[in-house]
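There are 2 protein chains.
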Amino acid sequence: MALRGKLLVGQSGGPTAVINASLAGVIEEAGRHGEIKGIYGAVNGVVGLLQEEMVDLRAESEGQIALLPNTPSAALGSCRKKLSEADYARLLAIFQAHNIRYFLYLGGNDSADTSHRIGLLAQAAAWEMRVMGVPKTVDNDLAFTDHCPGYGSVARFSALAARDAGLDSFAMRTVDTVKIIETMGRNAGWITASTALAREEPGDSPHLICLPERAFDADRLLAGITRQVDRGHGCVVAVCEGLRDAEGKALVEFKHAVGMDSFGHRQLGGVGDYLVALIAERLGIKARFDKAGTIQRVFGLAQSEVDVAEAKLVAAAAVRSACEGVTDHMVTLERVSQCPYRCEVGLAPLEKVAHAERPLPDEFINEEGNDITPAFLDYARPLIGGPLPRYARLELRRVTKLLEAS
Amino acid sequence: MALRGKLLVGQSGGPTAVINASLAGVIEEAGRHGEIKGIYGAVNGVVGLLQEEMVDLRAESEGQIALLPNTPSAALGSCRKKLSEADYARLLAIFQAHNIRYFLYLGGNDSADTSHRIGLLAQAAAWEMRVMGVPKTVDNDLAFTDHCPGYGSVARFSALAARDAGLDSFAMRTVDTVKIIETMGRNAGWITASTALAREEPGDSPHLICLPERAFDADRLLAGITRQVDRGHGCVVAVCEGLRDAEGKALVEFKHAVGMDSFGHRQLGGVGDYLVALIAERLGIKARFDKAGTIQRVFGLAQSEVDVAEAKLVAAAAVRSACEGVTDHMVTLERVSQCPYRCEVGLAPLEKVAHAERPLPDEFINEEGNDITPAFLDYARPLIGGPLPRYARLELRRVTKLLEAS
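Residue numbers (the numbering used here), protein chains in the order written: chain A, 1 to 406; chain B, 1001 to 1406.
The set of hints was computed from the structure by calculation and includes no laboratory data.
Note that the structure is a prediction, hence the values are computed from the model and not measured.
Don't take every hint at face value.
Stretch by stretch, here's where chain A covers chain B in the computed footprint (C-beta under 8 Å, at least three residues) [to be verified]:
| # | segment |
| --- | --- |
| 1 | 1089–1099 |
| 2 | 1294–1300 |
| 3 | 1329–1339 |
Beta-carbon label-pair distances, calculated as ranges [stated by the list, open to error]:
| # | chain 1 | residue 1 | chain 2 | residue 2 | range |
| --- | --- | --- | --- | --- | --- |
| 4 | B | 1401 | A | 63 | 21 to 31 Å |
| 5 | A | 401 | B | 1218 | 52 to 62 Å |
| 6 | B | 1249 | A | 97 | 52 to 62 Å |
| 7 | B | 1099 | A | 215 | 57 to 67 Å |
Backbone N, C-alpha and C fix where the C-beta goes; we use that ideal spot for every residue, glycine too.
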């Protein structure tokens, strides 16, 4: 028999360009199921929910819902919060008071952990409720899924940014010789790797890629930079914010922590800043860095239409699965065909998702550890959507010199 | 009588999203004038030219030229170079050897200075040559012109970035309370101001704007941040890289200079980094910063079609003026109608352009010095091209709480 009651959806973790497409997918699909008697949204994920802060998503106009898939960031508000035992009990009371029978949480592995525990608690209290995870993370580091909605769009942005900033570096090769592009990604190099997706010809930007899956080796990086600089075309290095040394220690810890000892005598800033200083010190070369920061993960113009469609797909599948009786699972994407690219949805237990991280696998990293492989390109290209805008490549045929060299 | 000979075009200074549109404009217009017997491009501006490095632009295919206007950065290569007396003499020899009678230099005020001196030298040597400047700078700080090609596109990027990163901050208001968006602009706040162009409603990002036209006052900024943070919606601050204190001293000098004393004990990095540390130290609040760096000035997706069209317009006008006998001038844009927006071309002497800078005028800055005025929006809105993508604004109607507050 169908489980009658309300559906509650929340957004969690860092925003993406398409997490609202998932929200729209939930709302649309939930509207097709008569047993779902109301669609609530949690304000700021579990943080607002603990204060009983919920919104009525059926009160939103159709026009606004239609705009949602192309609206970046998390319209309900998000959070990062590890819940206490008391918090979980409070959530259960709220679910019961509002007759919430479907709980969908859009997020990464921390959110999967939260959702899993919520499901366990409801079960222990004999509160019948279906709990489903909807994958969302720009980091693309969830296991059991081919990729995560959110990644295709940040990858599209990163590919375009590396191409354009690379053209900028090439044009300015007589002024700024080295450019660092610092990407997000914490423990996984998926975003950094995606900077290679707009390359068309040998020598295209980026010229080196530093991934957190390989121990940072300053000497090797500097040697690579020197080689590229000597070619005279400028050098673009894509680096992950989460680089680590051979001992696994973060290369750069962000020291602007509240309560740090003394402003002005603080330690290093980000990785980009660090490398600019290292290159100046060791190579005597002027470098600069670009760090798009949060802009990269939510830049609406760079939305991948494949990403938008899949964000809706996994969300709708989560609602359908819950209505069919599934609980305690996250919807996954399974690539069933590479050419033409096609994904279908699958399921993975929330508990397994919660406790796994997926770094960039070895077959996607070249032997020197400073670039990606063609296999990565095959994997990632379909995710960033339609073709990138075509640019001119002038032949630049040299005019014969008539004078003596000066 | 028409002056017969070759035309040489060069690109100078920082790249933009539309300086290649100007290059295309030069090539197209030059093709219409029979007296122009060849179209050469200087490789890396005057730096390559000093080595007699030139390319034959008539050898490029029509298909590639057609792609140029939408290809960001400087396809010929650019430079920043102050020439010596010997350099100028060398340039004259090259012009004479190749029968160059038209010299067009796309750039800002340094390039105008170079062009002016080249013109004087040619005149002194009785080498008849028409020298024209074509305005180009994302900084928008050239005098005698309503605005500069290149600005409309960086302004479109900045408006979109501030809107999207603002949505990100709003969504993450329970995690990262303050976000700094560091923009380019050196001595002028035009780019920083443009972050306001996507605002639609009170409270939209950015919440504070720090311009180099006003002395940086840490206490006032921190008070403004505190006020906004207390509203509970997150706080986005757009800051110019070139902030100065009351004595006119750059707030932050970029100390990664080659030969600095000791890596690791260097001083401050960029303004964004500085403010993140200041906010942590003085307010005990966690902040972060986004610094799109060179990405902002060349991001192809954010090209303004008005900017593209005007970049071609001023370039074609420079060729036409030169053919009509004008020399030693830069083409300017004059706004002849605000609604509908329309600009016509004019002329300004290179020497005057070279020695003037145009900061953001007082009427574009609010009284508190921490925001722009509606007059700035009226000025800048037409420059960023068509309407920005429309986003959803959910009503977020709250569900009545049923439980006691916890």
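Consistency of the hints with the structure:
With 5 residues carrying a beta carbon less than 8 Å from a beta carbon of chain A, the segment 1089–1099 of chain B meets the three-residue requirement, and the given coverage holds. Closer than 8 Å: that is the beta-carbon criterion, and the segment 1294–1300 of chain B has 6 residues meeting it against chain A, so the requirement of 3 holds. For the segment 1329–1339 of chain B, the stated coverage by chain A is violated: 0 residues have a C-beta nearer than 8 Å to a C-beta of that chain, whereas at least 3 were required. Range check, residue 1401 of chain B to residue 63 of chain A: about 28 Å between beta-carbon atoms, so the 21 to 31 Å window is met.
Between residue 401 of chain A and residue 1218 of chain B, the C-beta spacing of about 56 Å keeps the proposed range 52 to 62 Å intact. With their beta carbons about 60 Å apart, residue 1249 of chain B and residue 97 of chain A fall inside the hinted range of 52 to 62 Å. For the pair residue 1099 of chain B and residue 215 of chain A, the supplied restraint of 57 to 67 Å holds, since their beta-carbon distance comes to about 59 Å.
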